[in-house]
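Got chain A sorted already, so can you dock chain B onto it with the hints?
Number of protein chains: 2
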Amino acid sequence: MTIIGAGNVAWHLSHGLSLDFRIHQVISRSLKPAKELAKALGCSASTSLEKLELESDYILIAVNDQSIANVVQQIPLHYEGIVLHTSGSTSIDALNKFQYYGVLYPLQTFSKAKEVRLDKVPFFVEGNSKKVLEPVTTMARTLSTTVHQCNSEERLRLHMAAVIACNFSNYMMDWAFNISGKEHFKHLIPLILETVEKAIEVGPQKAQTGPAKRGDLVIIDKHMALLSNSKEKELYELISKLIMQKHV
Amino acid sequence: MTIIGAGNVAWHLSHGLSLDFRIHQVISRSLKPAKELAKALGCSASTSLEKLELESDYILIAVNDQSIANVVQQIPLHYEGIVLHTSGSTSIDALNKFQYYGVLYPLQTFSKAKEVRLDKVPFFVEGNSKKVLEPVTTMARTLSTTVHQCNSEERLRLHMAAVIACNFSNYMMDWAFNISGKEHFKHLIPLILETVEKAIEVGPQKAQTGPAKRGDLVIIDKHMALLSNSKEKELYELISKLIMQKHV
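Top line first, the protein sequences correspond to chains A and B. Under the numbering used here, residues 93 to 340 are what the first sequence spells out, in order. Under the numbering used here, residues 93 to 340 are what the second sequence spells out, in order.
Just chain A, with the same shape it has in the complex (with noise of 0.2 Å):
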């Protein structure tokens, strides 16, 4: 197997992968993230794609969804393995100039300062054909215990949702860091824990709490003039609007 890319999403795969399949060779347009994870699972680094390994069963493309076109087109048309790509929100079709290709996607958030327990992550695999639809489901196996099939379209979404549920929630915990300040932030570690404990246990609508789910405009008001930027406090006020629309 070939891997495409060094950044946390092929970080992260190439090292659970690495344990079932042989991994030969790491490609990545920068060759100290390509030569660290080299050296991490033992094979040969590069940063040309003009080094490909055409005997590779698979070549995995794990960079960003902006580059992948461009690798696509590096790859010679004529290479037989499956060439498999990892993103959310880029469809199959993206790699149809090659005979057998699909989608190995996980539905998690991977940065390489923090390990990550694979087999806990959910896969959304996708296949060209039967040819490398089984494959695919076999090797997604390997990695995890929640493996599941699912079409581009569907990917795209739950691919929204995660960004929602996870980049943008991060967000709104990088917010209250600047605003109660690193000393006070741990004081909201328990508050945020049970906050997700919450959202899981009794579902997200009827967890919400707070000044908006009341539609105390008063707090609303109050919080707002402590911004100082305008898009936060035009953030503050969108979020609240839209809770109130729900709960008032």
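In short, the hints are calculated from the structure, not lab data. Fair warning: there could be bad hints in the mix.
Any copy will do: because identical chains look the same in the list, a pair fits if it lies in one copy or spans two.
[Claimed, not checked] Straight-line distance between alpha carbons at most 30 Å, and here's what the computed DSSO-like set of lysine-lysine pairs gives:
#1 LYS189 with LYS274
#2 LYS305 with LYS323
#3 LYS124 with LYS143
#4 LYS189 with LYS143
#5 LYS131 with LYS333
#6 LYS206 with LYS189
#7 LYS338 with LYS204
#8 LYS333 with LYS206
#9 LYS305 with LYS131
#10 LYS206 with LYS278
#11 LYS323 with LYS278
Since this is a predicted model, take the numbers as computed values, not measurements.
Positioned in the frame of chain A, the structure of chain B alone reads:
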């Protein structure tokens, strides 16, 4: 002690306080919740502040912020005990007609449907004099291992940070739930847990991932095209812009 209010905060605090304090009565505008709480505490219930027992050592006002002024107005000026409210965003000065007054603010989200371990909840206390601050600090310590003194201005900032970290994050989960559907929401749970774990472990700024963090406008556009509600589209764009401003 008299509890005024029978909502989420009144419910959880009075249960915790009843272990160390004798709660005489619950007064709330609506009879049903007042009776339910009084029954759980084994005390009397009333819907009228005229029934307030002036021999109580403490009056704990745990009502919506908007109702505090109205409650205060109805408590006789000559009440000789300590009057406390539990609000994050209301100044201690809302109680300044009394001789002894203060604040007992729990930094947590409370819903009746969900038990909360009060001992893990950070409490922020304030008093108009030592004669209040000391017993209120002691009271908070009977409930929790984390008790801090903090003035009304700091408490307002802390409450705003809490609203953003908790209520706004919960709204993001609710939004994601509506996009993914109930069936797929369960696949978002490992992601949500990992998001929070990572934000706490490495800090939310370093934990940020996703299309906006990478400045991937193509994905942002794809997602926005899926949103039919114009306010949600606006929200998706605004949060993405703020993440990009910070990271790209």
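Hints and how they fare:
1. LYS189 with LYS274: neither (50 Å within a copy, 36 Å between copies)
2. LYS305 with LYS323: Answer is both: 22 Å inside a copy and 17 Å across each meet the 30 Å cutoff.
3. LYS124 with LYS143: Cα proximity of LYS124 and LYS143: one copy only (17 Å, versus 74 Å across).
4. LYS189 with LYS143: within (20 Å within a copy, 80 Å between copies)
5. LYS131 with LYS333: neither (51 Å within a copy, 36 Å between copies)
6. LYS206 with LYS189: Cα proximity of LYS206 and LYS189: none, with 36 Å in one copy and 53 Å across.
7. LYS338 with LYS204: For LYS338 and LYS204, the Cα distance is within 30 Å only across copies (20 Å; inside one copy 38 Å).
8. LYS333 with LYS206: For LYS333 and LYS206, only the inter-copy Cα distance (26 Å) is at most 30 Å; the intra-copy one is 35 Å.
9. LYS305 with LYS131: Between copies only: 27 Å across chains, 52 Å inside a chain, cut-off 30 Å.
10. LYS206 with LYS278: both (19 Å within a copy, 22 Å between copies)
11. LYS323 with LYS278: within (26 Å within a copy, 33 Å between copies)
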